[in-house]
Amino acid sequence: MVKTKDYENARKYAGNSGKRITSMKKTILSLAVAAAALSLGTMSAEAKVKACWIYVGPIGDFGYSYQHHQGLLEVQKELGDQVETAYLESVPEGADAERAIERFARSGCNIIFTTSFGFMDATNKVAGKFPEVKFEHATGYKREHPNVATYNSKFHEGRYVQGVIAAKMSKTGVAGYIASFPIPEVVLGINAFMLGAQTVNPDFKVKVVWANTWFDAGKEADAAKALIDQGVDIITQHTDSTAPMQVATERGIKAFGQATDMIKFGPQTQLTAIVDDWGPYYVKRVKAVIDGTWEQHDVWDGMKEGNVVMAPYTNMPDDVKKLAEETEAKIKSGEFNPYTGPITKQDGTEWLKPGEVADNGTLLGLNFYVKGVDDKLPQ
Amino acid sequence: MRIELVKRPQQSALYSALSPFIALALTLIAGAIMFSLLGKNPLDALYYYFVDPLREMWSLHELAIKAAPLILIAVGLSICFLSNNWNIGAEGQFIIGAITGSILPVMYPDLQSWIILPLMLIMGVIGGAAYGFIPALLKTRFNTNEILTSLMLVYVAQLFLDWLVRGPWRNPQGMNFPETRNFHQYAILPEIWPSMGRANWGFVFALVAALVAWFMLSRMLKGFEVKVLGQSPRAGRFGGFSASRMVIFAFLVSGGLAGLAGISEVSGAIGQLRPTISPGYGFAAIIVAFLGRLNPLGIIAAGLVLALSYLGGEAAQISIGVSDKVVRAFQGMLLFFVLGCDTLIHYRVRFVGSTAHKAEVSHGNA
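Protein chains in written order, with our numbering: chain C, 3 to 381; chain L, 832 to 1197.
Hints listed in this document are in silico derivations from the structure and should not be mistaken for laboratory results.
Warning: the hint list may mix true and false statements.
Unchecked claim - Think about it this way: if two alpha-carbon atoms lie no more than 27 Å apart in a straight line, the pair counts; the simulated DSS-like pairs of lysine-lysine are:
1) L:Lys871 x C:Lys79
2) L:Lys1156 x C:Lys221
3) C:Lys79 x C:Lys289
As the list claims (entries may be wrong) - From chain C, some residues computed to sit far from chain L (all C-beta separations above 12 Å):
4) Glu91
5) Met122
6) Lys131
7) Lys227
The beta-carbon is built from N, C-alpha and C at its ideal position, and this holds for glycine as well.
This is chain C alone, in the form it adopts within the complex:
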């Protein structure tokens, strides 16, 4: 990894400061900050923008963190010499996150992407200390400083399409759902899957197993086996390993890939996958830092903006494929929102009137099931 001159200087300053008295250190630090600010203003070819990523899992998970890392690689490809990148993987949420983020801020990163919900408070704390650095936090809602932006994707749009496919393909009329944690994002997905399935088969059932992990191949495989033993013949997952896909292959049923195209782990098994494509967003935001046009925002993009992409529809008859493509097109064009009434809650009370569309605020805090989900939401 090539270091820039500024980076080296900042390191030198910071290295000396520890040995001196406080006031001296403050002077030097403010000099260093001023130097960094100056260099930001007059960005030249030799002073690259440094973009940094913090992942909650290993980049080899072939799921969530892997997919964020693909975004980093796309930034490298698209912006080439203008940008320098770095990343930390498997950063635990909690006290360690704050240190990891601060280390990045101090090592000369100009923009830092913190890619897991649990990094929210740490991101905001460090952002307060480094007003010159831009922070982008995925899937959270706190923006306590002007240099913190948040971003998220409407993965549940893809779940809706999956639900339609599942109801068409299933013989038993029951699908299995391996869920990670009962947070709104996951509940949104389960409900969207259910709603999609109900458009085909109003009596369709979804069984849910909570794995209480984002990435644990063993637990995920166990969950898949338990679901198959209960008679489901299609599996979808909101966890990150490829284990459920492999179990589904062994037992000869169909499954959906998660976060990334898992077709090579189940060539005869995968129907489609929801692919998180963070690349366009990352390129756009890093470019904004290079151009000096970066501004705080809160975005929740989906299929329309290209953040949520469906992997090729495979292992299904043409009529199902056609229906899936139509559903996808309807959502992608913005014509249809999966959360459009009439929708009844699991307890039988009315949630959305016919034609009524749920607002984003409600969806981002969703903590109840819609009618038909065969599970009690842990809370």
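Model the placement of chain L on the given structure of chain C, informed by the hints.
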């Protein structure tokens, strides 16, 4: 051919003292080989690993944050291990301490006074000690294996915390995400020197605990009792010491210290309860306890070394792009060499041909 370990008639005092340093040196050499195999310059890598995190003041503060829970827990564990009680459940005692300590700021957020923080710390200690009391009671009453019971209670504690932060203790303003409300200002463990970094008083607690434990073990009758009962329960009985009271004492102390570490971590470094609050401190502290040769003063040094390996792992990841797995490989090598050195100081290796010898053979290790 067989390999046997034969007890040495005499143990070298010099090598016993040098053992952790030899282990450290061997780890460095093995680490350098590992880095060369990964295609990195080993000197660069070791520099980023062990020197870079020590060059800046904020980073030293981070070192103290990371070392504090390791030292606190390991000091308690040393008393357990010295008295031959195998408490593997410090992780669970850490979590329960964090939970009981958080009762006030989470359930009664309107109580705001300076008295809250001391109460939280005391409740954390009590919670951890009470949780440690369970395997102790099971051992003394029903003669259960404390390794199993204390370990299994870790999972119970983790799931209990998970249930709390998703259910009854979930932040009402938190958009349904699994975390408690943020602690108010009176419930936050203050930073020692805020202008320099964010290290909190947890590190001071760790140092005090280590000093008190050292004094007890080396200067007080209780410390003698711990060691006698650990090395020879029979001799301890002749001395009038009660083995079952020692079990309970050791578990209460180590549970209490783990609980203090838990509430210090939550109120100091995190500021709220979340589904996971420890990246395995309770287990890493076992390495720290042995690396420190079960001596509380040695444990301070060992805790700092292990904390450094976490920080160095990050620095190396950023600077030379090695995987985070290297950190764990490093820690594994460190424990391996420590145990290896200790074993070889107490035993020598003998290769035995197919005609078996009858000798004093030990299958155990340090």
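Going through the hints against the structure:
| no. | hint | result |
| --- | --- | --- |
| 1 | L:Lys871 x C:Lys79 | 24 Å, holds |
| 2 | L:Lys1156 x C:Lys221 | 21 Å, holds |
| 3 | C:Lys79 x C:Lys289 | 13 Å, holds |
| 4 | Glu91 | 5 Å, violated |
| 5 | Met122 | 8 Å, violated |
| 6 | Lys131 | 10 Å, violated |
| 7 | Lys227 | 21 Å, holds |
Violated hints, listed in ascending order, are 4, 5, 6; each of the other numbered hints is respected by the structure.
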